[in-house]
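J.: Each chain, letter by letter, is given below.
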Amino acid sequence: MKLTILYFASLRETLGLDREVLEVPASVMTVADLRSWLHARGGVWEKALASRSAVRASVMQKMAHPDTPLTEGAEVAFFPPVTGG
Amino acid sequence: MPVRVQTQAFDFGAEIESLRAARSDIGAIASFIGTVRDLHEGTQVKTLTLEHYPGMTETALEEIVGEAQARWQVYEILVIHRVGTLQPRDPIVLVAVTSAHRGEAFAACEFVMDWLKTRAPFWKKEQTPAGERWVEARAADDEAAARWRP
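Here the protein sequences line up with chains A and B, keeping their order.
So for the first sequence, this note's numbering puts the first residue at 1; every next one is plus one.
So for the second sequence, this note's numbering puts the first residue at 1; every next one is plus one.
Simulated pairs of lysine-lysine, DSS-like, Cα-Cα distance not exceeding 30 Å:
hint, chain 1, residue 1, chain 2, residue 2
1, A, Lys62, B, Lys125
2, A, Lys47, B, Lys125
3, A, Lys47, A, Lys62
4, B, Lys46, B, Lys125
5, A, Lys2, A, Lys47
Interface residues of chain B toward chain A, partial, derived using beta-carbon atoms under 7 Å:
hint, residue
6, Gly34
7, Thr59
8, Leu116
9, Lys117
10, Pro121
11, Ala137
These aren't lab readings, by the way, just hints derived from the structure by calculation.
All residues carry an ideal CB built from backbone N, CA and C; glycine is no exception.
Could you build the full structure based on these sequences and the hints that come with them?
T.: Set out below in C-alpha cells:
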C-alpha cells in the first residue's frame, strides 16, 4: 500500500523530515501499525515514536485513532498534541 | 468566509463591526481575542511562530464552527487564526459570535475556543533569549474541551 506521510512541528524537526511517500507492507493496516513500523527504523524514529511519546495522527486530514484503518493512497500525518489559539 | 487562517495581521475591531452591521436582528456579540504574551512559564518570549497543517486546519475549524452552529442558536461565527511569526501583543486568534441573546453567544464562543485548542492542528514555537522551544499542550485545555461532551 502506498501512503504519503507528513510530519509536523517538533516531530518534523526531530525526524529531519516533513514528508515522504512510502510503500508499506500489507501487515500495516492501521495508524498504530504504521507508527510501530516507522518506530522500528530505530535511531531518531525509535525515540520520537516511542509509546510514551505524545504523538497524534490524522488520516486524510481528519484526526485519527490508533485503530483508524489506512487505505491505498491515503495521506497520513503524525504530530505532537496541538497548541493553537 | 467564517474561517480564515492567514499570515497577515487582522483588525478585530473592524471584523466585529462588520458582523454587527450585517444584520439588524443581533442582540449579542461575544468575542475572544487571543494575543501573544512576552512571558511564558517565567521565560521571556521574544517572538512566537505558529505552524499549521494547510487544508486540515481549515477543515477542522469549519467542523468546529458547524458543531457550534448545531448546538446553539447563533447567527454568525467568525474564526480568524494567524500563522507565521508574531510579536508580543499581536492578536493570534479571533472568535466572534453573533446571536439574539448573550447566553448562546457566550457559550458558542467559549466552545469554539475550547475545541480549537485541542482539535485544530496548530503548533506554537517560542523564540526566547535561551533559544527556541516548542510549546507543550496543557492538560487544562483537554479538561476545558471535555466539558462540552454532549
